[in-house]
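Peer 1: Residues per chain are reported as follows:
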Amino acid sequence: MSRLIDAGLEQLSRLIFKMGDLAEKTVLLSLDCYMKGVDVHEKVRVLSETLVSLSEEAEDKAVELIARYQPVASDLRTIKSYMKIAYDFSRYGRYAWDITHIHKRLDIKLDECRFPWMPLEEISGKVLRMVHTSIEAIKKHDVALAKTLNAMEREVDEIYYRCLDKLVEQPPPLTGCVVSTLLFIRHLERIADHAAYIGESVIYIVTGERVSLR
Amino acid sequence: MVNDKIDIRNLNVWFRDNHVLKDVSFKIRENAVTAIMGPSGCGKTTLIRAINRMNDLIYGCRTSGDVYIDGHNIYDGNINVYELRRKVGMVFQKPNPFPKSIYENVAFGPRIHKVASGRELDEIVERSLREAALWDEVKDRLHDNAFNLSGGQQQRLCIARALAVKPEIILMDEPCSALDPAATAKIEALIRRLSKKYTVIVVTHNLQQAARISDFTAFLYMGKLIEYGDTKSVFENPHSELTEKYITGKFG
Numbered sequence: 001m002s003r004l005i006d007a008g009l010e011q012l013s014r015l016i017f018k019m020g021d022l023a024e025k026t027v028l029l030s031l032d033c034y035m036k037g038v039d040v041h042e043k044v045r046v047l048s049e050t051l052v053s054l055s056e057e058a059e060d061k062a063v064e065l066i067a068r069y070q071p072v073a074s075d076l077r078t079i080k081s082y083m084k085i086a087y088d089f090s091r092y093g094r095y096a097w098d099i100t101h102i103h104k105r106l107d108i109k110l111d112e113c114r115f116p117w118m119p120l121e122e123i124s125g126k127v128l129r130m131v132h133t134s135i136e137a138i139k140k141h142d143v144a145l146a147k148t149l150n151a152m153e154r155e156v157d158e159i160y161y162r163c164l165d166k167l168v169e170q171p172p173p174l175t176g177c178v179v180s181t182l183l184f185i186r187h188l189e190r191i192a193d194h195a196a197y198i199g200e201s202v203i204y205i206v207t208g209e210r211v212s213l214r
Numbered sequence: 001m002v003n004d005k006i007d008i009r010n011l012n013v014w015f016r017d018n019h020v021l022k023d024v025s026f027k028i029r030e031n032a033v034t035a036i037m038g039p040s041g042c043g044k045t046t047l048i049r050a051i052n053r054m055n056d057l058i059y060g061c062r063t064s065g066d067v068y069i070d071g072h073n074i075y076d077g078n079i080n081v082y083e084l085r086r087k088v089g090m091v092f093q094k095p096n097p098f099p100k101s102i103y104e105n106v107a108f109g110p111r112i113h114k115v116a117s118g119r120e121l122d123e124i125v126e127r128s129l130r131e132a133a134l135w136d137e138v139k140d141r142l143h144d145n146a147f148n149l150s151g152g153q154q155q156r157l158c159i160a161r162a163l164a165v166k167p168e169i170i171l172m173d174e175p176c177s178a179l180d181p182a183a184t185a186k187i188e189a190l191i192r193r194l195s196k197k198y199t200v201i202v203v204t205h206n207l208q209q210a211a212r213i214s215d216f217t218a219f220l221y222m223g224k225l226i227e228y229g230d231t232k233s234v235f236e237n238p239h240s241e242l243t244e245k246y247i248t249g250k251f252g
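Those sequence lines, one after another, are chains A and B. Position 133 (the first sequence) corresponds to 133 in the numbering used here; numbering is contiguous. Position 249 (the second sequence) corresponds to 249 in the numbering used here; numbering is contiguous.
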């Protein structure tokens with residue numbers, strides 16, 4: 001016989017998985033915007049705001065489950081972690097939106113800021129893979145997959161610092177490009193951090209252990 | 001300083017052929033609340049009744065193993081069982097005041113143990129009622145019949161009666177199961193307060209109550225101690241899958 005709390009947990013899970021899919025789409029669009037100049041600023045803004053409101057909905061649902069059923073053990077760990085993960089997903093959305101802002105705000109052209117010595121494809125590809133992995137890990141409650149985020153996060157950090165060094169050693173001629181690149185890699189690095197947080201939450205839900213993947 | 005008050009070692013209890021407690025071993029912390037939880041018939045009540053040898057009164061009961069209180073084995077032949085039961089008080093599921101006045105209920109223990117009379121007895125009654133958070137509600141009607149009190153007040157009176165003989169350990173067997181939420185909240189707050197001075201062991205079916213009031217939690221299942229640890233860990237991340245299933249309502 002299923003428990004009363006199970007229906008609520010199922011609803012919350014569905015909401016979190018939906019957020020994951022939307023968050024991945026949002027990050028992907030923002031990278032298209034920055035790297036290829038696709039104009040999706042408005043679309044990304046709407047998605048980001050949707051993620052914020054879904055995050056609030058998830059929080060309300062989680063609080064309701066706590067109030068109604070006083071969950072413990074794995075139920076409690078799941079609910080608490082889903083609240084955190086909902087926030088992480090909303091941050092994916094927010095950083096994605098910020099990425100789409102960059103060129104618009106600085107009023108520079110994309111072509112003026114592309115330099116072959118800057119490993120932007122590499123860092124954005126890895127961050128996108130982290131986003132996807134974090135979402136798969138939470139959908140499957142897969143600890144082994146979550147743990148792979150640790151190595152990926154280190155790789156992203158390494159590229160991030162390599163980019164910073166390049167910006168100092170071989171600064172693009174336009175100051176706007178320096179700022180643009182800096183903001184872009186910074187936002188990507190933060191997205192990678194949130195992917196690692198999600199991995200940590202998956203491990204906590206399944207094992208009860210608190211580990212750092214950063 | 002942190003001390004263990006009770007040390008239970010390899011405790012087994014049988015009622016005739018029924019092996020009710022199976023090799024239970026753990027230590028109970030002094031001046032803390034320890035909750036004992038588990039499904040009906042798992043041996044919770046038998047376990048606490050082993051701590052003041054109340055099981056001895058049941059025909060067909062046999063016990064092996066040891067229970068040490070402050071380093072003294074209470075199952076040694078030369079132990080004074082009456083003194084033990086003074087030191088280890090008990091409060092039951094259903095409030096069971098004597099058919100006497102409020103005052104006489106509390107004075108009963110000190111009188112039969114001949115530890116006080118007259119003014120000293122008055123002081124013990126007042127102190128015990130204050131400690132049980134009942135004094136303000138009954139100070140003007142101490143000689144009323146105890147049955148005129150509400151259920152929650154009767155239970156606090158029973159706690160005051162247990163406190164009157166200056167126990168060190170208080171055993172409580174489902175002390176709130178017959179009470180409404182408001183009376184339950186008062187008893188729970190009282191249990192927390194009492195643990196500053198006494199070692200309190202509470203048997204409860206109510207998991208949330210165990211989580212609210214206890215410092216340590218033991219989980220018994222079919223006579224075996226499955227898990228024992230600090231309450232936060234037991235409720236957030238139990239080690240045993242059986243505990244996980246029990247507290248999340250997946251069986252039991």
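Treat the hints as calculated values from the structure; they're not laboratory data. Even glycine gets a Cβ: it sits at the ideal position worked out from N, Cα and C. One thing to keep in mind: the hints can contain errors.
What the hints assert, rightly or not - Chain B is nowhere near these chain A residues, computed Cβ spacing over 10 Å in every case:
1) 5
2) 10
3) 72
4) 75
5) 112
6) 147
7) 161
8) 179
9) 208
To be verified - Pulled a few chain B residues facing chain A out of the computed Cβ check, cut under 10 Å:
10) 121
11) 123
12) 126
13) 145
14) 238
15) 250
Peer 1: Taking each numbered hint in turn, which are not upheld by the structure, reported in ascending numerical order?
Peer 2: Those not satisfied are hints 1, 3, 4, 9, 10, 11, 12 and 13.
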